[in-house]
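Protein chains: 2
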Amino acid sequence: MAKAPQNAISPSRSEDYPQWYQEVIKAADLAENSPVRGCMVIKPWGYRLWENMQRALDDMFKATGHQNAYFPIFIPMSFLEKEAEHVEGFAKECAVVTHHRLEPDPDGGLRPAGKLEEPLIVRPTSETIIGATFAKWVQSHRDLPLLINQWANVVRWEMRTRLFLRTAEFLWQEGHTVHATAEEAIEETERMVAVYADFAENWMAMPVIVGAKTPGERFPGAVETLSIEAMMQDRKALQAGTSHFLGQNFSKAQEIMFQAESGEREFAWTTSWGVSTRLIGALIMTHSDDDGFVLPPRLAPAQVVILPIYRDDEQRAAVLEYVESLKSELQSQSYADAPVRVEIDDRDMRGGEKKWHHVKRGVPIRLEVGPKDIEKNAVFMGRRDESKSKGIDRAELVSSIGTILADMQQALFNRALKLREDNTTTITNEADFRKFFTSTDEDSIHGGFAYCHFADEESIEPLLKELKVTIRCVPRDNNDTPGTCFATGKPAEKQAIFAKAY
Amino acid sequence: MAKAPQNAISPSRSEDYPQWYQEVIKAADLAENSPVRGCMVIKPWGYRLWENMQRALDDMFKATGHQNAYFPIFIPMSFLEKEAEHVEGFAKECAVVTHHRLEPDPDGGLRPAGKLEEPLIVRPTSETIIGATFAKWVQSHRDLPLLINQWANVVRWEMRTRLFLRTAEFLWQEGHTVHATAEEAIEETERMVAVYADFAENWMAMPVIVGAKTPGERFPGAVETLSIEAMMQDRKALQAGTSHFLGQNFSKAQEIMFQAESGEREFAWTTSWGVSTRLIGALIMTHSDDDGFVLPPRLAPAQVVILPIYRDDEQRAAVLEYVESLKSELQSQSYADAPVRVEIDDRDMRGGEKKWHHVKRGVPIRLEVGPKDIEKNAVFMGRRDESKSKGIDRAELVSSIGTILADMQQALFNRALKLREDNTTTITNEADFRKFFTSTDEDSIHGGFAYCHFADEESIEPLLKELKVTIRCVPRDNNDTPGTCFATGKPAEKQAIFAKAY
Ligand SMILES: [Zn+2]
Ligand SMILES: [Zn+2]
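Top to bottom, those sequences are chains A and B.
Heads up, the first sequence is in the working numbering, so the first residue is 1350 and it goes up one at a time.
Heads up, the second sequence is in the working numbering, so the first residue is 1350 and it goes up one at a time.
So here's chain A without its partners, still in its complex pose (with noise of 0.2 Å):
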């Protein structure tokens, strides 16, 4: 029996997908459990990729005509209180403070003190309390649309956390929008989950659909929540990021009004969408492998390494004086509207450890150069998607690092897309529907995206249940023809995605 080929990562995605997700993360220096529980810190790799899509999405907001404020990161008791819908899906998860003093107690230690006459939760999403600050801000129609976004930490007190995809605190960015009629506040929600689909598909190089959630995923207090969902190695959904239409529903628990040309007074009509950190889970596990992490290179913090080699000073000297003018070379080139981002890497350890360490956390390009390699002009380069490594010219690569990264993010996205839509089927009843999502083995990945007519969600929630199956949405495009649905035989208007999902 041949021996398995030796990868960086143990257990491999196939041995075990869950365990593979927190190696990949450790040994590519992402993040780490903190010893609070269910908070994460964000290690520095971890956060300059985070801080790449940051300035991204934020020039996309800014682009569609969005400006960033800051709110307070507590909310008022009383105002989750306003919209029924809105508390019952976050009082059940939410960090609340109610006191504001510590004191020594008897034993030596502390304990809280000076109890607050109203309790404050930390905020799990800000709704109410910008809804109270718009309430202000919105008099007349001259003041609408309202654009704001606002990048902040955010609590949700879950019980089972995973690094990145549900943790306690989380990053993101939420933004809150107050229109003057219905029409404008959709086709925001609908501008915006278009500007996430953009960033997932054309930076991140993740393939996703675009749909509307069902009546029972919708955020609590939506009209309607359009999603962009993605599918991860192990053919499971994951939410990339959320819209959502609010009508009314807030400027009334809020008093939102304004006054419309008309003279009358009205109740606005308000928008929120938000991706957050999870973002990064999602990245990790489109596009890592066996060997760790795999950067898109359009987000990657350093696309390219360069490894210098040489035995002794003399080489040294001459080693480095060459990737620096090598690495000056390549910066002066641009990729995707931006010049080319290169680092050498000379910390003293050993080559092959080095280079592990830098496939590990996923940079795209990675250069050796020794002594060799500069008497024929050369560099040896291993592209992070790509198993072998090879000889380039030096004149070459200086000329064709946009294109190799341009082709790498493209191959990374072609990639993903092949996968999910290997993994996709379209399904026409409940036999298909439960050996589908139905392993043979316990462990095995099985399942995928099954697309289904379906006729409504109450008299299919067992089924769902039963096989831990969700609706993922109900996709946007290419989905006008009726049908029946797969588990009831009743008229169906629209196909729904269903997914096991994170």
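Honestly, I wouldn't trust all of these hints.
Note: identical chains are not told apart, hence a pair may lie in one copy or across any two.
[Stated by the list, open to error] Each computed DMTMM-like pair below joins lysine to aspartate or glutamate, with the alpha-carbon atoms no more than 20 Å apart:
(1) Lys1411 x Glu1400
(2) Lys1704 x Asp1492
(3) Lys1375 x Asp1492
(4) Lys1464 x Glu1452
(5) Lys1464 x Glu1507
Worth flagging that the hints you see were computed from the coordinates, not collected in a lab.
These numbers come from a predicted model, not from an experiment.
Starting from the known structure of chain A, arrange chain B with the ligands on it as the hints suggest.
Same frame as chain A, but now just chain B with the ligands:
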């Protein structure tokens, strides 16, 4: 009697400085109080300013070798207990999370439920939680120095709050570093206070004095605290940034240890340093005048605003075409190594109202352009730091815009420096000290910075309390001549700066 000149802000600085400050913030749309006691809403114009500050500081931190990361917002109560001085300093004013759920109460409202085993503190500063993580990250001397920065929100339960200057929640950055030797940690502490001084003087146009805090004014747990101190227009001091040498206090409390080259396990040496949204308060009080906010060009979200003037649609088309091309030309110029930031304000609003809108918001350069200006190929320019507007040839404006902005930046700095120099004195006896810090009229502005030799902090405490004066710092520069204490007559090695302060 001559009629007083009409100004945009009422009251004026001389009439009521604290109230003037609030009115400037309101008129410039920078921030407002929120429905949550002590927490502010930072409005878009204020947040854009903060983003510019962040960007500049972040670049400086990265240029000095630091990396960003993110740590939990919560600190377990037991972590605070570990460091005796630190807990004394921060336990008195913190937000305590005691429950993780809300449940319906019998009155139809909500009440906290799900009591936590250990209360959590919303971070007032993160030495303890970051230290606990660093204890894991640092194992060997090869892991040092560890140079980390975090951008975050923090909460201190202040009873008397004032927008930007003192709020329950504020935004800041906190640097946290670990070193193998005391010397390296002290060097880092000094390097970062120098970065703050550079930012204050060269970006904010705010002259500062670098000095060491006396023991009574140090950060709780620090061995030495360095700060930058600035003089506001009411001659009070404002501490604008601090850098702390923490010695081994936190490394011992958190067990941050490393294996030295000798093989011995040693406690590490740590530092921390921070600036916050308080800097915006400092900026307002340094440069603003009785017409509102004055922005130093280098930090201004918009450096130039163009106000097109026209009477009808025909004029409108011609004027807009002209200002668009003017905008492009100006943007192709650069100031302080970045393209000039130009905006056109074409809102439908009376000309005077629109002009004052931008005056109050502090935009450095206003350009008014109407059909007559176009005929002459000229524009009408108003500089925020000068009262008169003047006509200027278009080509001359474009070619000199960088110089004009640089000139204004320098003029603001010079004006602030002159105020400080005019209100700084050396005092050698208690009688003069009392006189300097006692106003003849209860409401008048008085005092300033007094350089005084002093022997020890405790013996002069009653005098300082009586006069509401504090020791700002022991300046680093030109402070080697011994003298005698102004209050006690005892021999004194150094001078300190005494001032009333924010
Ligand atoms: Zn609701
Ligand atoms: Zn302490």
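| said: Need the list of violated hint numbers for this structure, in ascending order. | reply: none
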